[in-house]
Amino acid sequence: MRDRPWIEWDWVGDHLDDIRAATFEHLRLTLLAVAIGFVLAGVLSAVGLRWRRTLGPITWVTGVIYTIPSLALFTLLIPIFGLGSIWSAEVALVGYTLLILIRNIVAGVDGVDPAVRAAADGMGYGRWRRLLEVELPLAVPAIIAGLRIAAVTTVGLVTVTGLIGLGGYGSFIDAGLKRQFPTQIVLGGGLSVIMATVIDLTLVGIERVLTPWNRGEVARP
Amino acid sequence: MSAWTEFVDYVTLADNWWGRRGIAVRIEDHVRISAFATVVAAAIAIPPALWLGHVRRGGAIAGAVVNIGRAVPSFAIVALALPISLRYGFGLGFWPTVVALVALGLPPIFTNAYAGVSGIDPAVVDAARGMGMRGPEVLWRVEVPNALPLLLAGLRISAVQIVATATLGAYVGFGGLGAFINEGFRQQDDGKLLTGAVLVAVLAIATEFLFGVGQRLLTPWTIRKGHS
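Going line by line, the protein sequences match chains A and F. Just so it is clear: in the first sequence, position 26 is 466 by this note's numbering, and no numbers are missing. Just so it is clear: in the second sequence, position 183 is 1108 by this note's numbering, and no numbers are missing.
These aren't lab readings, by the way, just hints derived from the structure by calculation. Each hint should be verified, as a subset may be incorrect.
[To be verified] A few chain F residues facing chain A, derived, Cβ under 7 Å:
no.: 1; residue: ARG982
no.: 2; residue: ALA1122
no.: 3; residue: ALA1126
Since we're looking at a predicted model, the values are computed, not measured. Positions of the beta carbon are idealized from the N, C-alpha and C atoms, including for glycine.
Take these sequences, add in the hints, and give me the full structure.
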């Protein structure tokens, strides 16, 4: 390992099919976790916002899950779902997104100007209609900020799923360590950073599309 | 759930606790490397963070540190530390793991300490200067105490992340608690596997809890405002 270059491009050129397969696996694990996490966080946030007293326990439980190291949590779930099942990873990955997403959704809705809320009430909006049509759209920047953190974090955590045999870029890193071959380590880490960046920029683009009223903000004095 | 029976069998056997590769030694190694990495990361990150916060510059650096820290997977950092360590003659095990843990621990400590100092109301700093305090005195007697809650929060986040990632050290030859997980997979020994997973989870939660208690003891004035 000492004398080998950091990256051998010949090897990369010979393994484009493997790279494509790993990219697909990595993306699938990531998007599935963030999508399920987003739906679940939406429901839990709605519960927390409607019944304030539940917000403390929800934050506490998701906080404890967030603290458990990923390899440990994946391993603990294997006896339940079986080795090689993506759910051993997915359940843990979904769990990690919850704290980040709930915090941002709740902060976003709480951050809505009380005058706007009062105006909605004055126009006869009910509690749920006000939430869906007024508060949520205004909370979009905070929610997207949460999604960006959750997605980028998940891309990184998915590299660890390579250690429990679920493929993705982590399997390159694992193989590189076992064979003492730097190219695979650099490739696995590098591709993971690229994927995180692409997803992050995509979410920034989605935010711009969803919040046309914010677009002029930079130009304003 | 036979895997859990195997786990109970494994942890209740005294022989598994003692000896060179026993549970006790591995807990000790895991805690020791984590504590060392946290102290080194704090020693590297805190001085520049306090200084940049004091002169109120470098917000862009702080932002970049957060983004880079989040996008680079911790497993990739641990793995990359191995060829680096071998190339410079530091070998397997302890050194590549420590280098990776320190690198991972830096961003939360740096950004929180920076945010703590730079976020102080300028009126407070002006008042201190009005009372005749000079630069270093303002930093030590006003800015650092005011930044303490965030500074400690950064230390807590880093420490928990370091304890979590020290588990991955097992894949570069370090013998902490991750070694039980690594060996458990290779030997298809569910008892060993779950022993590693459970102990790592307990250690991470205990670290979070102890730092939380420390935070409350050192900054009692923040308790009523709720926890950060």
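Here is what the structure says about each hint:
{"no.": "1", "hint": "ARG982", "verdict": "violated, 23 Å"}
{"no.": "2", "hint": "ALA1122", "verdict": "holds, 4 Å"}
{"no.": "3", "hint": "ALA1126", "verdict": "holds, 5 Å"}
Violated hint: 1 only; the structure is consistent with all others.
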